[in-house]
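So the protein sequences, as listed, match chains A and B.
The numbering used here puts the first residue of the first sequence at 1, with every later residue one more than the last.
The numbering used here puts the first residue of the second sequence at 141, with every later residue one more than the last.
These aren't lab readings, by the way, just hints derived from the structure by calculation.
Beta carbons are placed, not taken as given, at the ideal position from N, Cα and C, and that holds for glycine.
Any given hint could turn out to be false.
Covered stretches of chain A, going by a simulated chain B footprint (3 or more residues, C-beta under 8 Å) [unchecked claim]: (1) 61-71; (2) 94-106; (3) 131-137.
Just so you have them, the derived chain A footprint on chain B, three or more residues with Cβ under 8 Å [to be verified]: (4) 171-177; (5) 197-211.
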Amino acid sequence: MTDKVNFHFDIDGDNFTSAGEASVRIKKLLREMGFSPDTIRRVSVAMYEGEINMVIHANGGSADVDVYGDRIEIILADKGPGIPDIDLAMQEGYSTAPDNIRSLGFGAGMGLPNMKRYTDDMRIESALGVGTTIYMTVKT
Amino acid sequence: MTVRELAALPEFEAVCLPDGEREILGGYAGDLLSWVMGRASEGDAWVTIMSNVNIVAVSTLADPACIVLSEGVAPDGDTLERAKEQGINILTTSLDTFDACVRIASAL
């Protein structure tokens with residue numbers, strides 16, 4: 001199957017309580033499409049981490065999930081401040097989240113590492129003052 | 141044991157029980173949400189002191205059998221409302237996190 005099915009979501013940057021809605025929605029859609037629980041978990045957790053990052057750091061953004069026959073691609077794009085040092089940001093435990101976010105249980109510095117761990121491929125493009133786009137692939 | 145059976149123990153109280161027959165397969169304790177999503181297993185009883193609405197999204201994705209709020213923590217209003225919508229079980233206990241884990245482990 002070469003055709004893809006695309007799901008697009010706008011991530012609201014102002015509403016922290018609704019963060020995760022796109023991931024929950026994707027989980028349900030993938031379940032309806034008959035993917036394995038493991039695949040669904042990997043996609044939805046990776047996407048949730050990305051959603052949270054965009055809410056914390058970039059005032060929202062967009063998420064596109066492209067479903068192919070053999071893989072699921074997730075593209076998260078924001079117009080936030082960009083990531084100055086991607087290697088540093090990828091280190092477990094490194095976080096620039098503010099205290100009010102940490103008090104909610106976020107900001108553990110596990111977001112990007114979780115996204116890498118849960119996907120088969122992950123690529124970050126980021127430019128300071130322009131934004132960040134993250135490409136992730138989960139093989140099905 | 142099921143979530144309903146755990147909730148029936150004197151130390152625990154169900155504040156949201158839309159799926160009481162869900163089987164508890166193990167447990168996980170933690171308050172850092174990314175850590176929980178990375179490490180908790182499906183079917184766990186997740187013990188935490190975090191009560192904000194984001195625990196519902198984390199549970200929907202990581203799929204624990206229930207959330208157990210320890211240390212006498214009560215869920216925020218939004219949290220309960222969202223948990224009902226999403227079918228997430230929430231119990232509370234006045235036990236601290238360690239004792240709650242011990243109690244759950246001994247009951248499993």
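Are 3 or more residues of the segment 197-211 of chain B near chain A, judged by a Cβ distance of less than 8 Å?
holds (count 6)
Test coverage of the segment 61-71 of chain A by chain B using CB-CB distances below 8 Å; three residues minimum.
violated (count 0)
Count the residues of the segment 94-106 of chain A whose CB lies closer than 8 Å to any CB of chain B, then report whether that count reaches three.
holds (count 3)
Annotated coverage of the segment 131-137 of chain A by chain B, confirmed only when three residues or more have a Cβ within 8 Å
violated (count 0)
8 Å C-beta test of the segment 171-177 of chain B against chain A, three or more residues:
That given contact holds, which follows from 6 residues of the segment 171-177 of chain B lying within Cβ reach (below 8 Å) of chain A.
Checked against the numbered hints above, the structure violates hints 1, 3; every other hint is satisfied.
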